[in-house]
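Asker: As a plain string of letters, each chain reads:
2 protein chains.
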Amino acid sequence: MSIVVLAGGVGGAKFAYGVMRALPNPADLTVIVNVGDDFEHWGLKICPDLDTVCYTLAELENPATGWGRRGESWRVMEAVAALGGPDWFRLGDLDLATHIERTRRLRAGQPLSHIVADFCRRWGVPARVLPVSDQPIPTMVLTDEGEMAFQEYFVRRRWRPRVRGFRFAGSEQARPAPGVLEAIRIARAVLLAPSNPFVSIDPILAVPGIRQAMQGKPVAAVSPIVGGEAVKGPAAKMFRELGVEPSPKAVAGHYRGLVSHFVLDAADASQADAVRQHVPHVLVTDTMMTSPERRQRLAEEVLAWLRDTI
Amino acid sequence: MSIVVLAGGVGGAKFAYGVMRALPNPADLTVIVNVGDDFEHWGLKICPDLDTVCYTLAELENPATGWGRRGESWRVMEAVAALGGPDWFRLGDLDLATHIERTRRLRAGQPLSHIVADFCRRWGVPARVLPVSDQPIPTMVLTDEGEMAFQEYFVRRRWRPRVRGFRFAGSEQARPAPGVLEAIRIARAVLLAPSNPFVSIDPILAVPGIRQAMQGKPVAAVSPIVGGEAVKGPAAKMFRELGVEPSPKAVAGHYRGLVSHFVLDAADASQADAVRQHVPHVLVTDTMMTSPERRQRLAEEVLAWLRDTI
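Respectively, the protein sequence lines represent chains A and B. Taking numbering that gives the first Met the number 0, the leading residue of the first sequence gets 0, the next gets one more, and so forth. Taking numbering that gives the first Met the number 0, the leading residue of the second sequence gets 0, the next gets one more, and so forth.
Just so you know, not all the hints are guaranteed correct.
Treat identical chains as interchangeable: a pair holds within one or across any two.
To be verified - In silico lysine to any residue, SDA-like type, Cα no more than 20 Å apart, as pairs: (1) 44 / 81; (2) 44 / 254; (3) 44 / 125; (4) 231 / 293; (5) 216 / 157; (6) 216 / 88; (7) 44 / 106; (8) 44 / 227.
Just so you know, these hints were derived from the structure itself, not from any lab. Here the structure is a predicted model, which means the values were calculated and not measured.
Let's have the full structure, built from the sequences with the hints guiding it.
Answerer: Printed below as a string of C-alpha cells:
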C-alpha cells in the first residue's frame with residue numbers, strides 16, 4: 000500500500016526509514032519533508048531536514064549523531080575557522096559537497112524537488128523524497144528576545160530563547176512541490192513522523208493544499224513526546240513555553256481534527272484514554288527507534304494496525 | 000630596499016618567494032598579483048594566482064604541484080563528482096575553504112585586497128600581497144575556436160586551442176587596488192617574475208596607472224622562456240601561435256620600452272647580445288627555481304646586480 004510520511008529531521012528520518020523497510024516495496028513510500036529549516040550559510044543553500052532524510056534512507060547517515068554523513072571529515076570547516084570564518088554551523092566535507100552541488104543547480108534554475116530526486120537516484124534512495132515546496136518557507140521563531148531565523152534559534156542559540164510562537168514566512172504564497180498533493184491523494188494513509196509538531200510538521204501543513212488533501216484520509220501521528228520529554232530537540236520545552244504541559248495528550252490536542260490515529264509510547268500508557276478525547280484510534284507500543292530493527296518493528300506494527308482499523 | 004614583484008601563478012610565486020627570502024626584511028617586498036585568471040566555480044570566487052602566491056609565501060603550498068595546498072585532500076570534490084557535479088577544475092578541501100571564506104566576505108562587501116591582507120596575516124605571510132585591482136578583470140583568450148574565458152581555455156581545454164590574442168575585460172575601467180601605485184612609486188625596483196607575459200604580466204600592466212607608475216624606474220624581467228620552451232605552461236606555445244619564435248629575445252621584445260634589466264638563463268647565453276637590442280642591462284645566470292635555495296640564490300643575484308647597475 001502506498002504511504003506518505005510527513006517528516007522533519009532526525010526523528011522523522013528514522014521513522015521514514017522504518018516505514019521504508021516495513022513496506023514490501025520501498026517505492027510505495029513518499030516522504031514529504033519540511034523545508035522551514037533551510038537557510039543560507041557560507042553562501043550555500045542548506046536543507047538540513049531533506050539531507051537528513053535522504054542520508055538516512057540511503058544508509059549514508061552518521062549513526063552517532065543522526066544527522067550528517069557517515070565517515071565524515073571536517074577539513075574544510077577547520078580551514079575556514081582558521082581564516083576567521085563562521086563555524087557555528089558544523090558542515091562536514093561530504094555534507095558540504097551536497098550543499099555545493101545543490102546550490103549550483105538551484106542557481107542554474109533547477110527546482111529543489113528535481114535536484115532532490117536526482118541526488119536520491121545517485122545515493123540509491125529506494126523511496127521517494129519530496130520537499131513540501133520548491134519555494135523557500137523559512138521558519139521564524141518568535142521568542143522573548145524577538146523574532147529569529149530558525150537556525151539562529153536552533154543551532155547558534157541552542158534553543159535557549161523562550162518561544163512565543165512561530166511564523167512560516169511566505170507559506171501563504173507557497174505551492175506544494177510537483178507530486179506532493181498527488182502522493183497524499185493516492186496514499187492509503189498519511190503518517191506524521193515523531194518530529195517536532197511546531198517546527199517540523201506544522202511548516203509542512205502550512206503549505207496551502209496539504210491539509211485539504213489529507214481531509215477524510217487515515218492520518219496517524221506518532222508522539223514525539225515520551226515521558227514528558229522530547230526524544231530529541233526542543234519540542235517539550237516549546238510546549239512548556241507556550242503554556243501546555245508536554246505529553247502525548249498535548250500532541251494529540253495539537254493535531255486535533257487532522258489525525259485519526261495516534262501512537263504513544265508504552266511509557267505513557269496511562270494517557271491512552273486522555274488521548275482518545277482527541278483521536279478515535281490509539282495505539283500504545285514501544286516507539287523508541289534506537290536501532291534500525293526497532294524502527295522497522297514500530298513501522299510494521301503501525302502499518303498492520305492501520306490495515307486493521309481503516 | 001623596497002621591491003615590487005609583478006607575478007602570476009606558480010613561476011611568479013616561486014620567484015616572489017626567492018625575493019622574500021633574499022631581502023633582509025621580507026616586509027620590504029610587495030607582490031602585485033594578476034587577477035585575470037579569477038573566475039567563479041561552484042558559485043565561489045576563485046583567485047588561482049593570488050592563492051598560489053599566498054600559499055607559497057606562507058610555505059603552505061603543495062611542493063609537488065606548485066599550486067594548491069600542502070597535505071591537501073579531495074573529499075568534497077569526490078562527493079561533488081558522485082552527485083554529477085563539475086569536477087574539471089580540481090578543488091582540494093583546504094583550498095576550498097579559502098574560496099568559501101573569500102566569497103562570503105566579498106558578498107558581505109569587503110574588497111578583495113582587504114580580504115587578501117587578512118588571509119595573509121592569518122597564514123603568516125611575511126611579505127605584502129596585493130591583487131592588482133579589487134575589480135574583476137577576466138582574461139579572455141581569443142582562439143581559432145572563438146573567444147573563451149581563461150580557465151575554460153587553460154584548464155578545461157588544457158590550452159589546446161590556438162591563440163590569436165587576449166582581452167582583459169573591463170581593464171580600462173579598473174582601478175589599481177589601494178597601495179598598488181604607492182608600492183610601485185616607492186620601490187627601488189620592479190621585478191617582472193618569470194610568469195607568462197601574455198596572461199600573467201600583461202593583465203597586470205593593463206590596469207590604468209601601472210605602466211605610468213613604472214616609468215623611469217629600474218624594471219627587471221626574468222625570462223619565462225628557457226631553451227625555446229616555457230618552464231611551465233603555454234607561454235612558448237602562445238608565442239609560436241602569435242608568429243614569434245619563443246626565446247628570451249622574444250620576451251625582451253615583448254617588454255621593450257618597459258624593462259631596463261633582463262635576466263636570461265645560462266642555457267640561452269648565446270642570446271645575450273640579441274636581448275641587448277631591446278634592453279640595456281642583461282644578466283645571464285641559472286634561473287631554474289627547482290628548490291627554495293635556488294629561488295633565493297637567483298633573487299640574491301638579481302638584487303645584487305640591480306644594486307650595482309642602478
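Asker: None of the hints should be skipped; say for each whether it holds.
Answerer: Hints and how they fare:
no., hint, verdict
1, 44 / 81, "between (22 Å within a copy, 19 Å between copies)"
2, 44 / 254, "neither (31 Å within a copy, 47 Å between copies)"
3, 44 / 125, "neither (24 Å within a copy, 36 Å between copies)"
4, 231 / 293, "within (17 Å within a copy, 60 Å between copies)"
5, 216 / 157, "neither (37 Å within a copy, 59 Å between copies)"
6, 216 / 88, "neither (39 Å within a copy, 51 Å between copies)"
7, 44 / 106, "both (10 Å within a copy, 15 Å between copies)"
8, 44 / 227, "neither (35 Å within a copy, 49 Å between copies)"
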